[in-house]
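Keeping the supplied structure of chain A fixed, place chain B with the ligands upon it in accordance with the hints.
2 protein chains.
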Amino acid sequence: MEQLHTSLAVEKAAQSKIDQVDFSKLVFGKNFTDHMFICEYKDGKWQQPRVVPYQPITLDPSAKVFHYGQAVFEGMKAYKDANDDIFLFRPEENFNRINKSSERLAMPAFPKDYFFEGLTTLLKLDKEWIKKGNGNSLYIRPFVIATESGVMASPSMEYTFMIICSPVQSYYGGEVKVKIADYYSRAANGGFGAAKAAGNYAGQFYPTKLANEEGYQQIIWTDDATHEYLEEAGTMNIFFRINDTLLTCPTSDRILDGVTRKSVIAMAQHMGIDVEVRPIKVSELVEAANNGSLKEMFGSGTAAVISPISGFANKDQFWELPKQESPMAQQIKQAIVSLQYNETEDPFGWRVKVD
Amino acid sequence: MEQLHTSLAVEKAAQSKIDQVDFSKLVFGKNFTDHMFICEYKDGKWQQPRVVPYQPITLDPSAKVFHYGQAVFEGMKAYKDANDDIFLFRPEENFNRINKSSERLAMPAFPKDYFFEGLTTLLKLDKEWIKKGNGNSLYIRPFVIATESGVMASPSMEYTFMIICSPVQSYYGGEVKVKIADYYSRAANGGFGAAKAAGNYAGQFYPTKLANEEGYQQIIWTDDATHEYLEEAGTMNIFFRINDTLLTCPTSDRILDGVTRKSVIAMAQHMGIDVEVRPIKVSELVEAANNGSLKEMFGSGTAAVISPISGFANKDQFWELPKQESPMAQQIKQAIVSLQYNETEDPFGWRVKVD
Ligand SMILES: Cc1ncc(COP(=O)(O)O)c(C=O)c1O
Ligand SMILES: Cc1ncc(COP(=O)(O)O)c(C=O)c1O
Numbered sequence: 047m048e049q050l051h052t053s054l055a056v057e058k059a060a061q062s063k064i065d066q067v068d069f070s071k072l073v074f075g076k077n078f079t080d081h082m083f084i085c086e087y088k089d090g091k092w093q094q095p096r097v098v099p100y101q102p103i104t105l106d107p108s109a110k111v112f113h114y115g116q117a118v119f120e121g122m123k124a125y126k127d128a129n130d131d132i133f134l135f136r137p138e139e140n141f142n143r144i145n146k147s148s149e150r151l152a153m154p155a156f157p158k159d160y161f162f163e164g165l166t167t168l169l170k171l172d173k174e175w176i177k178k179g180n181g182n183s184l185y186i187r188p189f190v191i192a193t194e195s196g197v198m199a200s201p202s203m204e205y206t207f208m209i210i211c212s213p214v215q216s217y218y219g220g221e222v223k224v225k226i227a228d229y230y231s232r233a234a235n236g237g238f239g240a241a242k243a244a245g246n247y248a249g250q251f252y253p254t255k256l257a258n259e260e261g262y263q264q265i266i267w268t269d270d271a272t273h274e275y276l277e278e279a280g281t282m283n284i285f286f287r288i289n290d291t292l293l294t295c296p297t298s299d300r301i302l303d304g305v306t307r308k309s310v311i312a313m314a315q316h317m318g319i320d321v322e323v324r325p326i327k328v329s330e331l332v333e334a335a336n337n338g339s340l341k342e343m344f345g346s347g348t349a350a351v352i353s354p355i356s357g358f359a360n361k362d363q364f365w366e367l368p369k370q371e372s373p374m375a376q377q378i379k380q381a382i383v384s385l386q387y388n389e390t391e392d393p394f395g396w397r398v399k400v401d
Numbered sequence: 047m048e049q050l051h052t053s054l055a056v057e058k059a060a061q062s063k064i065d066q067v068d069f070s071k072l073v074f075g076k077n078f079t080d081h082m083f084i085c086e087y088k089d090g091k092w093q094q095p096r097v098v099p100y101q102p103i104t105l106d107p108s109a110k111v112f113h114y115g116q117a118v119f120e121g122m123k124a125y126k127d128a129n130d131d132i133f134l135f136r137p138e139e140n141f142n143r144i145n146k147s148s149e150r151l152a153m154p155a156f157p158k159d160y161f162f163e164g165l166t167t168l169l170k171l172d173k174e175w176i177k178k179g180n181g182n183s184l185y186i187r188p189f190v191i192a193t194e195s196g197v198m199a200s201p202s203m204e205y206t207f208m209i210i211c212s213p214v215q216s217y218y219g220g221e222v223k224v225k226i227a228d229y230y231s232r233a234a235n236g237g238f239g240a241a242k243a244a245g246n247y248a249g250q251f252y253p254t255k256l257a258n259e260e261g262y263q264q265i266i267w268t269d270d271a272t273h274e275y276l277e278e279a280g281t282m283n284i285f286f287r288i289n290d291t292l293l294t295c296p297t298s299d300r301i302l303d304g305v306t307r308k309s310v311i312a313m314a315q316h317m318g319i320d321v322e323v324r325p326i327k328v329s330e331l332v333e334a335a336n337n338g339s340l341k342e343m344f345g346s347g348t349a350a351v352i353s354p355i356s357g358f359a360n361k362d363q364f365w366e367l368p369k370q371e372s373p374m375a376q377q378i379k380q381a382i383v384s385l386q387y388n389e390t391e392d393p394f395g396w397r398v399k400v401d
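Just so you know, the protein sequences line up as chains A and B, in that order. Quick note on the working numbering: the first sequence kicks off at 47 and runs consecutively. Quick note on the working numbering: the second sequence kicks off at 47 and runs consecutively.
For reference, chain A alone in the conformation it holds in the complex (with noise of 0.2 Å):
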């Protein structure tokens, strides 16, 4: 794609909203800083990238992401250390997805320095929301909706790409125990699974909300054609320990390549774990609850990092999982959010200093 380069424009908040926000309250996601980043394409091209106070948006009843759900988004988090130093963890990787699952939606490409620099410019604006120490973040919402005006069922010539940031504490509390799917499925083979696309989200409540109702906080997907191979948690990758072995399946073009998963891998065999990636059955995993070797399993996604998970249900029975004494979740999520906080090494080249 050609781009001329713009130089971002920026309009400063008159005045700042943080003293309204009791940090010690956070709710995942229902605050925002005072500035935003926001680009909008048309003609063919992104047009002046620009940093504004945080304001609502105005669209015509007819935009296309109202009807035809075009739509992606990314999830990624900044750190701040001791020093006040602001780090990100491995934003490559979501400005290299967020072009992926554009593409897999007919979206435009949105060039890599407007994306730096618009998310730069605003993480130094708003530094005063990224609280330091204990699972403090600031969680960082990039996202493109199509906003082309008329009703015909086809790719939108116009969308708005923007930036809102969310100071946040940690995403789940308590036990998680997860249902594994055996009707309901969240990607078919060949549809957009692997994308993080709005439409893969809405379709999961329901089933979620019937899940919650039995007493399950997630489910745990699996291939929608045999539900015989798990697959992925609503937003999260999946790992068990069998054993002394960490397990994970591969992704697919129905799962979501995570950012977390990954890191997991290479952080689990950079401490000398042993790391399977493969297909894993259902009947694996309830052969392994059922003889003791199965002594862990989490989920893996930015928002939490890891989320244990103390049990599953699988048809009409259901498995507690036994409690570890130093569990490998824990062993792992500490390596990981270390490095992040800027408390470690980081031999990854994973950690990224905003400045």
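To be clear, the hints were calculated from the coordinates, so they are not data collected in a lab. Hints may contain errors.
Identical chains blur together in the list; that is why a pair holds if it fits in one copy or across any two.
27 Å max Cα-Cα, derived DSS-like pairs, lysine-lysine [what the hints assert, rightly or not]: (1) K158 <-> K308; (2) K76 <-> K178; (3) K91 <-> K255; (4) K63 <-> K88; (5) K91 <-> K76; (6) K341 <-> K369; (7) K71 <-> K88; (8) K361 <-> K146; (9) K91 <-> K158; (10) K341 <-> K63; (11) K76 <-> K88; (12) K170 <-> K399; (13) K88 <-> K255; (14) K255 <-> K158; (15) K361 <-> K58.
Then chain B with the ligands, alone, in the frame of chain A:
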């Protein structure tokens, strides 16, 4: 759902935009009438329904529709007869279906009296926009979007229901050649393909673009597990005439239960045509094309009623369909269209006069 009846509020447009529209050169879904219907859901119930001048809507950038695709819609039409009376075609089907779609996406049902009072009021206010004769109609787009602010991946607690209307001529022009899907898919088993949900459309744009580049206007989707069974097109159900039998596949959780499909089946039977509703294999279609028993293929949908298909590609082979003297597609279309425009009797009770 308990719902207090609130009577409709109406605010008329100061001035009509109708003079700015060239009704002989309409682009599908690009022009909208002077008014729209809007009703918001919050605090667990639908608020005061209103008909107001057509206008943009304002949302927070974190509104859930932008991130998680919680959005459903309908497509229906209003027709004018020679006496300037206005008619709808099976509108209860669309009303029932939007609530079925909403349920699958964990969205609240919309009250029936609000729907029909809103729609009728809108049609009467904007009746000048409905032109009589030859393919002219008013395309009606009811839709619901998730409007709560916040990027937590969970069902929205706030929604907006709207109806917007667009004057149209006919949807498809020219020859339609289709490609049978052998890699990409539209819907998963246990997914939400049967819902008229925004997320089902964006995922089709990229594969359709690839098909367009190969010279095909549409894709015929197949089951995602095997690609062996014919399912439906992007915005149409699909029919095959083999010898003198009309075939279409059964609906499922992957296939939209089209109002036109039902009507084609009933009308064809009424006309004495032999109709079979059963799974249809790609291999059966290829065999019928090879031995000359495949006479016609067509899509059915509100936009075009019936859209004849001139040929299909499967893998690397293309079959041109024979030209028929008096195509079944044309006969059935004529019968349905005459009924819609109040030119013939309506033995089915499908036509509903607006007054
Ligand atoms: C469906 C799905 N799977 C997995 C993940 C985890 O991906 P990441 O580790 O990149 O956050 C996410 C996003 O958070 C997701 O939405
Ligand atoms: C996916 C899909 N299939 C089929 C149809 C046809 O349905 P109907 O005849 O109710 O318009 C539509 C809608 O137009 C559709 O979007």
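Outcome of the hint check:
1. K158 <-> K308: within (22 Å within a copy, 49 Å between copies)
2. K76 <-> K178: Only inside one copy: K76 and K178 sit 19 Å apart there, 50 Å across copies, limit 27 Å.
3. K91 <-> K255: Answer is between: at 19 Å across copies they meet the 27 Å cutoff, but 41 Å inside does not.
4. K63 <-> K88: between (32 Å within a copy, 25 Å between copies)
5. K91 <-> K76: Between copies only: 22 Å across, 32 Å inside.
6. K341 <-> K369: For K341 and K369, only the intra-copy Cα distance (8 Å) is at most 27 Å; the inter-copy one is 66 Å.
7. K71 <-> K88: between (40 Å within a copy, 24 Å between copies)
8. K361 <-> K146: Cα proximity of K361 and K146: across copies only (26 Å, versus 35 Å in one copy).
9. K91 <-> K158: Cα proximity of K91 and K158: one copy only (14 Å, versus 44 Å across).
10. K341 <-> K63: Neither. Shortest intra-copy (46 Å) and inter-copy (68 Å) distances fail the 27 Å Cα cut-off.
11. K76 <-> K88: Close across copies (17 Å), not inside one copy (30 Å); limit 27 Å.
12. K170 <-> K399: Answer is within; shortest intra-copy Cα gap is 12 Å, inter-copy 61 Å.
13. K88 <-> K255: between (39 Å within a copy, 19 Å between copies)
14. K255 <-> K158: between (38 Å within a copy, 25 Å between copies)
15. K361 <-> K58: neither (54 Å within a copy, 56 Å between copies)
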